[in-house]
Amino acid sequence: MKRKTFLRGLAAAAALVALPLPALAQDTIKIGEINHYKRMAAFAGPYKMGIELAVEEVNAAGGVLGKPLEFIFRDDQGEPGEAVKIAEELMTREGAVMLTGTILSNVGLAISSFAGEKGYVYLASEPLADSLVWAQGNAYTFRLRSSTYMQAAMLAEAAAKTDAVRFATIAPNYAYGKDAVAAFKENLLRLKPEAEFVAEQWPALFKIDAGAEVQALERAKPDAIYNVTFGPDLAKFVRDGTDRGLFEGRNVYGLLSGEPEYLDPLGDEAPEGWTVTGFPWYDLNDGPAGDFVAAYQARYDDYPRLGSIVGYMTVQSIAAALERAGSTETEAIREAFEGLEVASAMGDITFREIDNQSTMGAYVGATALQDGKGVMVDWEYKDGANYLPSDEEVRALRPSQ
Amino acid sequence: MEFFVAQILTGLANASSLFLVACGLSLIFGVTRIVNFAHGSLYMLGAYTGYTFMQVLPGAVGFWTAILLAGLTVGLIGMLVEMLVLRPVYRAPELFQLVATFGVILVVQDLTLMIWGPEDLLGPRAPGLRGVYRIMGEPIPKYDIVLLILTPFVALALWYLIARTRVGVLVRAATQDREMVGALGVNQAWLFTGVFALGSALAGLGGALQLPKGGADLLMDFTILAPIFVVVVIGGMGSLPGAYLAAILISVLNVFGVTYLPQSTLVLMYVVMVVVLMIRPYGLLGREEVAGEHGQVGEPETPIKPASGPVRLMVIAGLAVLALVPVFGSTFAQVLLTDIVIFCLFAASLHFLLGLGGLVSFGHAAYYGGGAYIAALMVKHAGSPMEAAFLLAPLGAGLAALAIGWVCLRLTGVYFAMLTLAFAQLIWSLVFQWGEVTGGDDGIVNIWPADWLNGTTIYYYFALALSVGGIIVLRHVAHSPFGYALRAARDSARQAEATGIDTRRVQLVAFGFAGMMGGVAGGLFVFSKGSVFPNELEIVRSFDALIVVFLGGVKTLAGGVAGGAFFKGIEDLLTRFEYWRLVMGLLIIFVVIVAPEGIVGSLRKAASRLGILKTAEQT
Chain U
1 MKRKTFLRGL AAAAALVALP LPALAQDTIK IGEINHYKRM AAFAGPYKMG IELAVEEVNA
61 AGGVLGKPLE FIFRDDQGEP GEAVKIAEEL MTREGAVMLT GTILSNVGLA ISSFAGEKGY
121 VYLASEPLAD SLVWAQGNAY TFRLRSSTYM QAAMLAEAAA KTDAVRFATI APNYAYGKDA
181 VAAFKENLLR LKPEAEFVAE QWPALFKIDA GAEVQALERA KPDAIYNVTF GPDLAKFVRD
241 GTDRGLFEGR NVYGLLSGEP EYLDPLGDEA PEGWTVTGFP WYDLNDGPAG DFVAAYQARY
301 DDYPRLGSIV GYMTVQSIAA ALERAGSTET EAIREAFEGL EVASAMGDIT FREIDNQSTM
361 GAYVGATALQ DGKGVMVDWE YKDGANYLPS DEEVRALRPS Q
Chain S
1 MEFFVAQILT GLANASSLFL VACGLSLIFG VTRIVNFAHG SLYMLGAYTG YTFMQVLPGA
61 VGFWTAILLA GLTVGLIGML VEMLVLRPVY RAPELFQLVA TFGVILVVQD LTLMIWGPED
121 LLGPRAPGLR GVYRIMGEPI PKYDIVLLIL TPFVALALWY LIARTRVGVL VRAATQDREM
181 VGALGVNQAW LFTGVFALGS ALAGLGGALQ LPKGGADLLM DFTILAPIFV VVVIGGMGSL
241 PGAYLAAILI SVLNVFGVTY LPQSTLVLMY VVMVVVLMIR PYGLLGREEV AGEHGQVGEP
301 ETPIKPASGP VRLMVIAGLA VLALVPVFGS TFAQVLLTDI VIFCLFAASL HFLLGLGGLV
361 SFGHAAYYGG GAYIAALMVK HAGSPMEAAF LLAPLGAGLA ALAIGWVCLR LTGVYFAMLT
421 LAFAQLIWSL VFQWGEVTGG DDGIVNIWPA DWLNGTTIYY YFALALSVGG IIVLRHVAHS
481 PFGYALRAAR DSARQAEATG IDTRRVQLVA FGFAGMMGGV AGGLFVFSKG SVFPNELEIV
541 RSFDALIVVF LGGVKTLAGG VAGGAFFKGI EDLLTRFEYW RLVMGLLIIF VVIVAPEGIV
601 GSLRKAASRL GILKTAEQT
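Just so you know, the protein sequences line up as chains U and S, in that order.
Residues 1 to 401 (our numbering) are what the first sequence spells out, left to right.
Residues 1 to 619 (our numbering) are what the second sequence spells out, left to right.
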């Protein structure tokens, strides 16, 4: 009897997956999009809206290769194993021609490894890990967003221009935090050899003990602080640091801290005078970025986050690759992505042949308070192409190529 | 010196919210014996409702009223949960209620997202308490000082309630022997409801009180869960002064850890827990568990027996169908079934421990994820071929299980469960933070099977053969003399000892064996996915296995497998929908209420009632 139930369960599961799909009209080009829609709803939501806006625009203009573009959105619960399963389903059962998505680096790495093994094209839209295109890079994985290394290099450049010498860092104790600190150090020491690092704090991700961290940083008496914490950790760090006067008279550099996703929840307690990478959509009035912001606000009753424009550019990149490939065959798409130039919402970007990383840049500026809200002022768009290591270094970093 | 004082004050302030939440959990466990996984969710609800009240109520009075109201609201929610979800399942096997509380977690997660939206909420400041006091020159936030003073008063009030009132007498009596309290004419149902509501209210208070130090976000339910379990266990389950002491110990240690061992913040807490439990197995102020239950709750178990002829035929037919899937099914069907059979083996290995051994492990993911990591590490660092790595996965996992089991088996019951959890968390935090070797959370990628196995269909057969083989071995062992000895040790350790069974050794071997089978599942997993990440070692993975074993039916042989297959299948279906966690949570609660003996157990009962299955007396 017990076995019977076991069998029934398995048989039901088998019947479930063996069901023939409803005969879908094969007149769309399908893209499989995997993301953590539930686990990271605040990030994945705006990203999805950006994608949907772009898909509508592309299809209104006649689609790609004469067919409408269609995205299939699937939730992976933030689990790498689940994402790999869904990737297989999207490619073999749903008829997707390529994969895209993910925010978390570990899920991105899992899909990338899988895509490389099976020979599926994967455009990693948002994950930041450097290893995605370098140490663990493969021919089938391309990355859109400017990586940890690139954004840290932009901040290091800004930090090198000041007369701060004693630096302290605080970063979540996991791969992204470690990469971000290493890249900042490498670039800063290259530009300013006399810089020294007097404290390194590594709070556990989303478990920061802000009071203790602030005291430990204060104790080292640094000239400048490099912050990589984000989300709830950032809110706690800013609040305790402001209360205890940690930021007074110090230069602070915040990786990603200027993105609306992280800055807006801080409300009127957003830090002032930090140098950050982010997305000042409120100042983008002309050019392709201005057009994007206007279209987004016209389409939704909401303002764009960084994720929105990344989603939008994901569709732009995929549409451009498909047009260039002239077909939906995997190899054609892969070859089309190599060296692909895209006229994107952030200006012209190129998917570099050497490591499949796009040259998408980032906005760097200072934080300020306006009308009880944190914003970026005096910002500048930095082209990602200028913040990557030399070609020889990249070749050494990318052993499999 | 000034620095130390400042650090200690910060630690004490941090302890306050932790203490409130943890003592609620401790209280609930002490009286009702429910391990409330949903306690973190109640804490999250406290933060969110507190936030909402603070938006409405103005000024300092409004702020403190909002905190009290948040506590009350969450207390009411807790009362509802107890009455609707838990009360129907008090007669179920021990610890079964934790499955129901897991369902509550899922429901609360989606409801919170629906009501408050996805963005993090920054907690409002306490009016009049912005800024710092200077203590010996060091700046300490005013709110920290308030918390620091407030907590002992709350603790004192609780102590008064427990030690000096009639309600407290009943609560203490129930903590010691709840059946006796029932026998003396106390309405247990209301006592349980009241305590659950009080514990929930404390969690809500803790959530609302920490708002000015942080805020409310959707991940906070799981973030707080591990620390409060640690605090409750270190303090001694059911002991309020213990919880207070432990909260302070953990918080202050953590503050100094941040300064002197900044990389070790995750590991430290679990090391402390393991050390304390090794020296004082029942926590700092806990008492040894007197056999609270007079015999097992619920009906006596029917003895297990080998499958009958028709059942065997059906199993063979079912296996034949599975073997034919590559012929008629899609590629994806094979991928999904590979996932399912691997998970079934994992669940079956835990079921062996739980059902036959009566050893409730809250940290079984350590062996599953451990096996996966051992295989991946061998491939990555030793460049070993897939076959060797695959063999080492179960061996390594089994050895780890033996070592951990040797330590944990000094304890029994919930303390044993908590110690297994502590070790699992210790391994997880090591893997997570030791980036140079394990890749940290970026994991180990590009671990693919050898060429002869590299293909969806061939790997499907491989996984099917090993998983089904493993499950059959587990079943076979259950019917062997060893299995009988293990069940004897579970049902009556004393009588088993008297017949010459070395119960501890039998349990240790069982623990190692279950760990080994978990390692097989882990090895299969890593080569099917091509990568492994610390997620496979997380608390959540251990819970996954626990849930399906309980839902499948602890007291049946096929429970783990049936539960695993059923829930993996359902999950694959549900995740296609927007609010799938809500549906999944409600489904779990539904199953818990209608089938308190698990799916298999309840089906069997129904069948024997209908006369389809011969009843036990007739066999």
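Hint data in this document are derived by calculation from the structure and do not stem from the laboratory.
The reader is advised that the hints may include incorrect statements.
Claimed, not checked - Where chain U lies over chain S, by a calculated footprint (3+ residues, C-beta under 8 Å):
hint	segment
1	182-188
2	273-285
3	404-411
4	423-437
5	494-503
Stated by the list, open to error - Calculated from the model, a selection of chain S residues having no Cβ within reach of chain U, i.e. all distances over 12 Å:
hint	residue
6	Thr-52
7	Leu-80
8	Leu-121
9	Arg-130
10	Pro-139
11	Asp-177
12	Gly-194
13	Phe-256
14	Thr-259
15	Ala-372
16	Val-414
17	Phe-525
18	Pro-534
19	Leu-587
Being a predicted model, the structure only gives us computed values, none of them experimental.
Don't be surprised by glycine CBs; every beta carbon is placed ideally from N, CA and C.
Hint check results:
1. Note: the segment 182-188 of chain S has 0 residues with beta-carbon separation from chain U under 8 Å; the three-residue rule is not met and the coverage is violated.
2. Coverage of a stretch by a chain is defined here by at least three residues with a beta carbon nearer than 8 Å to that chain's beta carbons; for the segment 273-285 of chain S and chain U the count is 0, and the condition is violated.
3. Remark: the segment 404-411 of chain S is not confirmed as covered by chain U, as 0 of its residues place a Cβ nearer than 8 Å to a Cβ of that chain, below the required three.
4. By the rule of at least three residues with a Cβ nearer than 8 Å to a Cβ of chain U, the coverage given for the segment 423-437 of chain S holds, with 3 such residues.
5. For the segment 494-503 of chain S, the stated coverage by chain U is not satisfied: 0 residues place a CB nearer than 8 Å to a CB of that chain, which falls below the threshold of 3.
6. At roughly 16 Å from the closest C-beta of chain U, the C-beta of Thr-52/S stays outside 12 Å, upholding its exclusion from the interface.
7. At roughly 24 Å from the closest C-beta of chain U, the C-beta of Leu-80/S stays outside 12 Å, upholding its exclusion from the interface.
8. A beta-carbon of chain U is positioned within 12 Å of the beta-carbon of Leu-121/S; the least distance is around 7 Å.
9. A beta-carbon of chain U is positioned within 12 Å of the beta-carbon of Arg-130/S; the least distance is around 8 Å.
10. Not every Cβ of chain U is farther than 12 Å from the Cβ of Pro-139/S; the closest lies at roughly 4 Å, contradicting the non-interface assignment.
11. A cut-off of 12 Å between C-beta atoms confirms that Asp-177/S is not in contact with chain U; the least separation is 35 Å.
12. For Gly-194/S, the requirement that its beta carbon stay farther than 12 Å from each beta carbon of chain U is met, with the minimum near 33 Å.
13. Its closest Cβ contact with chain U, about 8 Å, brings Phe-256/S to no more than 12 Å, contrary to its assignment away from the interface.
14. Under the 12 Å C-beta cut-off, the non-interface status given to Thr-259/S relative to chain U is violated; the minimum distance is some 5 Å.
15. The claim that Ala-372/S is not at the interface with chain U is violated, since a C-beta of that chain comes within 12 Å of its own (minimum 10 Å).
16. At roughly 25 Å from the closest C-beta of chain U, the C-beta of Val-414/S stays outside 12 Å, upholding its exclusion from the interface.
17. Separation of Phe-525/S from chain U is inadequate, the least Cβ-Cβ distance of about 7 Å not exceeding the 12 Å criterion.
18. Some Cβ of chain U comes within 12 Å of the Cβ of Pro-534/S; the nearest lies about 8 Å off, and the non-interface call is violated.
19. No beta-carbon of chain U is positioned within 12 Å of the beta-carbon of Leu-587/S; the least distance is around 14 Å.
Hint violations for this structure: numbers 1, 2, 3, 5, 8, 9, 10, 13, 14, 15, 17, 18, all remaining hints satisfied.
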